[in-house]
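Student: Chain residues, written in single-letter form:
2 protein chains.
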Amino acid sequence: MKEVETMSRAEWQVMRIIWTLGQATSKQVIEILEQKTDWKAATIKTLIIRLQKKHFLKAVEEKRPYIYQPTIEEDVAIKENVTDLFDNLCCMRKGNAINEIIESSAISQADISKMIATLNQKAKTAPEEVECDCLEADLK
Amino acid sequence: MKEVETMSRAEWQVMRIIWTLGQATSKQVIEILEQKTDWKAATIKTLIIRLQKKHFLKAVEEKRPYIYQPTIEEDVAIKENVTDLFDNLCCMRKGNAINEIIESSAISQADISKMIATLNQKAKTAPEEVECDCLEADLK
DNA sequence: TTTTAAGATTTACAGTTGTAAACTATGAAC
DNA sequence: GTTCATAGTTTACAACTGTAAATCTTAAAA
Numbered sequence: 001m002k003e004v005e006t007m008s009r010a011e012w013q014v015m016r017i018i019w020t021l022g023q024a025t026s027k028q029v030i031e032i033l034e035q036k037t038d039w040k041a042a043t044i045k046t047l048i049i050r051l052q053k054k055h056f057l058k059a060v061e062e063k064r065p066y067i068y069q070p071t072i073e074e075d076v077a078i079k080e081n082v083t084d085l086f087d088n089l090c091c092m093r094k095g096n097a098i099n100e101i102i103e104s105s106a107i108s109q110a111d112i113s114k115m116i117a118t119l120n121q122k123a124k125t126a127p128e129e130v131e132c133d134c135l136e137a138d139l140k
Numbered sequence: 001m002k003e004v005e006t007m008s009r010a011e012w013q014v015m016r017i018i019w020t021l022g023q024a025t026s027k028q029v030i031e032i033l034e035q036k037t038d039w040k041a042a043t044i045k046t047l048i049i050r051l052q053k054k055h056f057l058k059a060v061e062e063k064r065p066y067i068y069q070p071t072i073e074e075d076v077a078i079k080e081n082v083t084d085l086f087d088n089l090c091c092m093r094k095g096n097a098i099n100e101i102i103e104s105s106a107i108s109q110a111d112i113s114k115m116i117a118t119l120n121q122k123a124k125t126a127p128e129e130v131e132c133d134c135l136e137a138d139l140k
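These protein sequence lines are chains A and B, in that order. Residue 72 in our numbering is what sits at position 72 of the first sequence, and the numbering runs on without skipping anything. Residue 34 in our numbering is what sits at position 34 of the second sequence, and the numbering runs on without skipping anything.
Hints in this document: simulated from the structure, not taken from any laboratory. Fair warning: there could be bad hints in the mix.
Any copy will do: because identical chains look the same in the list, a pair fits if it lies in one copy or spans two.
[As the list claims (entries may be wrong)] The calculated DSS-like cross-link candidates involving lysine-lysine, where the alpha carbons are at most 25 Å apart (straight line), are:
hint, residue 1, residue 2
1, Lys54, Lys114
2, Lys40, Lys79
3, Lys58, Lys114
4, Lys124, Lys40
5, Lys79, Lys114
6, Lys114, Lys40
7, Lys124, Lys63
8, Lys124, Lys27
9, Lys45, Lys124
10, Lys27, Lys58
11, Lys54, Lys122
12, Lys36, Lys54
13, Lys114, Lys53
14, Lys45, Lys114
15, Lys40, Lys122
16, Lys79, Lys58
17, Lys122, Lys36
18, Lys63, Lys114
19, Lys79, Lys63
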């Protein structure tokens, strides 16, 4: 059973537009997503409605067209998603997985420096080996 | 429309067990997952069957109990998942997202060193800033 | 060889997601 | 004040998921 609302893949694309714009009308979102995808306007409207039902978007409804605004910050949502994924990976393999995304992502100088700092810090107390816990009983 | 088969969350848990053991009978998987989750044996059997239909597992069927083996390597599957997630994040925010998982994950000395090496290498050609492309039209 | 328990397969069913058409309401133009 | 076009809401429907019971098979015990 689902405890917390989550965004589907398609819904996430809608949110990206609105996060980037700060707020947007459905028309704006539709115009942009029709460029990026093969979705029909009706599809995009459905996604907006679902995001409202899930409370990830709220609409300023003074008058039409409504203006849609995010109710969750992009960084927070990203962190939730990434955490959720990594929580289900074998501990032993996270390091390698992270190394692979670093390799394949464009990252700014500033972010690189920050990561190196984080890693140096971590190195002070990091274990020689990380144990696999894939067969361990969970506490839940 | 789905071009490629993907594993659902629940199916992933089954794969983790079998990846870790190398191969396993349904009984082994059931015993372990009954510890880790609230799933009933029947549920776990369903997941195994679906994984076979999706060709992520094959069964050695000489005789019962069958022995199930992965048809995809764990590292490959992890990379696909992680890539799939990061492909849908705003470019500008990937650096920060990666930094956050580094902070919150247990990582071995060896993996830390490797990442630092990767980052130093990247720093040589990394841009000062990464541009957001969330509103850009895709090539597809 | 019959019985039976363990294991495999089918069937079930509601909720989510991708995908979109049909329908309704409203601001703006006439 | 009507009439539209635009924007918002309902309805639709199949595939995928989480969840599991019911049923069929077969190796092993009796």
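Student: Indicate, hint by hint, whether the structure satisfies it.
Tutor: Results for each hint:
1. Lys54 with Lys114: Result: close neither inside a copy nor across copies, 34 Å intra and 41 Å inter.
2. Lys40 with Lys79: Classified as neither: same-chain Cα gap 30 Å, cross-chain 31 Å, threshold 25 Å.
3. Lys58 with Lys114: neither (34 Å within a copy, 44 Å between copies)
4. Lys124 with Lys40: So Lys124 and Lys40 fail the 25 Å test inside a copy (53 Å) and across (43 Å) alike.
5. Lys79 with Lys114: Classified as both; 17 Å inside a copy, 23 Å across copies.
6. Lys114 with Lys40: Neither, since 41 Å and 45 Å both go past 25 Å.
7. Lys124 with Lys63: Intra 57 Å, inter 52 Å, cutoff 25 Å: neither.
8. Lys124 with Lys27: neither (52 Å within a copy, 42 Å between copies)
9. Lys45 with Lys124: Classified as neither; 51 Å inside a copy, 44 Å across copies.
10. Lys27 with Lys58: Classified as within: same-chain Cα gap 16 Å, cross-chain 48 Å, threshold 25 Å.
11. Lys54 with Lys122: For Lys54 and Lys122, the Cα distance exceeds 25 Å both inside one copy (37 Å) and across copies (39 Å).
12. Lys36 with Lys54: Within. Shortest intra-copy distance 24 Å satisfies the 25 Å Cα cut-off; inter-copy 29 Å does not.
13. Lys114 with Lys53: neither (38 Å within a copy, 44 Å between copies)
14. Lys45 with Lys114: Neither. Shortest intra-copy (39 Å) and inter-copy (45 Å) distances fail the 25 Å Cα cut-off.
15. Lys40 with Lys122: Neither: 47 Å inside a copy, 40 Å across copies.
16. Lys79 with Lys58: Answer is within; shortest intra-copy Cα gap is 21 Å, inter-copy 35 Å.
17. Lys122 with Lys36: neither (40 Å within a copy, 29 Å between copies)
18. Lys63 with Lys114: Neither way: Lys63 and Lys114 sit 45 Å apart in one copy and 55 Å across, limit 25 Å.
19. Lys79 with Lys63: For Lys79 and Lys63, the Cα distance exceeds 25 Å both inside one copy (34 Å) and across copies (46 Å).
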